[in-house]
Amino acid sequence: MAMTAVARETVFALRRQIAKIEGTLPERLAAPAAVQPGARADTDDGGIAPERTPEITILRRGIAVASPDAFLRTGVERLDAALSGGLPKAALSEIHGTETRDAGAVAGFALSLTSLILRQEPHLPVLWIGTSEIFREAGFPYARGLHGLFGIEPEQLLFSEAPKLVDALWIAEEAARMTALAAVILEIRGSPQRLDLTATRRLHARAQNAGRPVFLLRQAGEAEPTAAPVRLIVSAAPAASRDTIAGPLAGSIGRPAFTVSIGKSRTALPGQFTLEWNPDEHAFEERERATNPVAVVPASGRRTHPAPASGAVLAFPAVGSFAAGDQPSRPQRPAHISPRRAG
Amino acid sequence: MISHRDRNAQRISALDERAEALHLKRGMGIADARAMHPSIDIVEADPEADRRLLEGLADWCDRYTPLVAIDGADGLFLDVTGCTHLFGGERTMLDEILSRFFHQGFDVRAGLAATPGAAWAAARFCGDRIVAGGEEEGLLAPLPLAALRIEPEIRASLESVGLRTAGAVMAAPRAPLARRFGATLLLRLDQALGRLDEAVSPRLPVAPLSVERHLSEPIMLTADIERLVSLLARALKSDLERRGEGARMLALLLFRVDGAVSRIAVGTSRPLREPVLIQKLFHERLAALEQDIDAGYGFDLVRLSVLSAAAFDMQQADLAGEAEDSDADIALFADRIRARLGEAAVLKPVVVESHLPERAVTTVPFSEVPQRRAPPRQRNTPPATVFPPERPIRLFRSPEPIEVPATEMPEGPPMNFRWRRALYRVARAEGPERIAPEWWRRQPGEEEAPTRDYFRIEDSDGRRYWLYRQGLYGASEVPPRWFMHGVFA
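Heads up: the sequence lines are chains A and B, in that order.
This note's numbering puts the first residue of the first sequence at 1, with every later residue one more than the last.
This note's numbering puts the first residue of the second sequence at 1001, with every later residue one more than the last.
Please keep in mind that the hints were generated in silico from the structure rather than gathered at the bench.
Treat each hint with caution, since some may be false.
What the hints assert, rightly or not - Computed far set for chain A versus chain B, every beta-carbon distance over 12 Å:
1. R73
2. A103
3. G139
4. S160
5. R177
6. G190
7. T200
8. A205
9. N209
10. E222
11. E224
12. S241
13. A246
14. R255
15. A268
What the hints assert, rightly or not - Per the computed footprint, the stretches of chain B lying under chain A, defined by three or more beta-carbons under 8 Å from a beta-carbon of chain A, are:
16. 1113-1127
17. 1433-1443
To be verified - Every beta carbon over 10 Å from chain B, so not counted as near; a handful from chain A, in silico:
18. E9
19. D102
20. Q120
21. R144
22. E155
23. E161
24. P192
25. Q193
26. R201
27. G211
28. D243
29. G247
30. N278
31. H282
C-beta atoms are modelled at their ideal positions from N, C-alpha and C, and glycine is treated no differently.
Just need the whole structure built from these sequences, with the hints factored in.
Right under this line is the structure:
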């Protein structure tokens, strides 16, 4: 801080340019004030931008590059904090399912996010692109179910079925640049060669320009290098029982639940979360083992305990200082060896 | 020489000049011809191919007039009313058509007259003759009865009473003719003489608007075609504006130098008149068809037609000049996708009142969805039940059979099942929800479909499925079958 004011100005202007060239990927070096007010003081050179812009901003190397509007908050504080504000709204986000049979959960999670987006843009349509293969293997989206669970009107839905991946990618690229769509969901199966770093970079760049999210659903896919800043790995979690006046109804299947782990994020450390979708409120809730015991399901002879320990129970850990127990050594770990140096 | 099979005998159906010089005739038996000249070369007739060739020629003749009709197996009618001046008059036009056909390797005879009947007779019996209006009688009088386009039976019976030329028939009193030979004879006669109107029914619908450009230098590159499309679209725009319409369907016709014609059609979801947008649509279509369009030696005539048009609602922009046009964006986007990948590339779900899950939602191509101007309507009708039955978020197009070894109770959910060769253990189950087939849709005589009992299943890994049992245990000899129908979130 011994530099003169003019020199500092120049440095910041240059940094801003660098940030622009590198892509306005929202990154966190200093946490948003809402999440952790104390964190800003910790950053050494980050004190300048927040003083100029009084509202909460996300800092990248001390320069404000993204406002909180740039994030889609999932509503689950722990997950939002881990992603430093939520999923980037104007970006490509990957949602992986490890097996094709997880397609229901993966699609359900993506649609939950879409439903959250539609809360702000209630009338815009949603486009779901898929290859013929995935629609045959995992089922075609069913408009009645989508309406019941996520509140997406059938009139808002557009489906596009492409026989070949090339065509699906082309449609997605055309759709990603449109601001008239609330969200674009591109669903493919496996890890095709064609969906490489270049293809995802194109999708990501268009999504950034349009300011709309593109969800890339990959069923039974491997984690590959892509341009998407965030990759979530979703699988189904046993649902809790239905709530009745007399307490949880034994043996019933309640709200949909997902196990979400952060597979890749430039800002977050890997973690696992169990989320429950509330179809009435259209909101996520995090399930905590202590408050929502799943043992209400009778453990009869042939039934195993339906809810294995999912995620670690931690009460809002300080951002950036995750307990070691919250970071399972997963195969995705190598992608995050240097999360802070990335970008 | 071409043979065809007629009443159990191979006969000559067509022959070239050299065969004619050998005194062979049409209709002669092949065996006789072989006996006369053993060295003749005989090819089996292929009426399908002849038809295709004729249609190709008809396509090519589209460059002269949009009203082209196919006449029988070997003729074309061109209604050139109002077109001749574009080609420098009747004589020049006829000469050009003939010379172009000649250079393509066809031996063509043509006639031009004020009525289709007279033109037909002129083409077949006089050759290259232009009959001015009012001269039809003079043309027809010396011609044989065949020039009247009547059936062979009528012709034979007319000849049997000594009427051998069209002139003789014209001179004969009408009433006895009609009584004896039927109304067709007089109808044909009147049509040929212009006393009755005869409409030539074109084989393709006539476009309400067309613009075209003749090129002295043929073009081959797709980029050139696209540039030309935007030029033509600009010319089309003023016409559409004058009519207050926008194009719903457009066709681009590319006439190749050697006679082949490519027809490229695109549909739009909403009336369109902006040249840029029209060009974009054709850009996608041309990109999709790149392999199919063979430019060959190039195209020398490019025509852009509006096949169907609809009223174009003018929308007033707000003061800032930005109209609310997200719908238009979507429509344009869908059009481009459809132009490249086909009509069914963009689908929209439509909710149908039905109990059967697979019937309850259908998907229709985007263009068929009725256009809504109003924002999504508010649902006034309350839902039938407070808690509507839960439906899966994905449904298999056809339910997939699963193996269920055992159920706890006969009517209960399965304990485990095998789907796609993997075993799933059922942890929890909800149901059954019984969905009976819709008896009112059953065709008479059709067997009633068995009822379905649906179960929501959660397997040991927490995945949720929608299974159903078709039929009841003990209701019939065939045991009920189980199906996987959908997946829950």
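ask   = For this structure, which hints from the list above don't hold up?
value = 2, 3, 4, 5, 12, 14, 16, 17, 19, 21, 22 and 23
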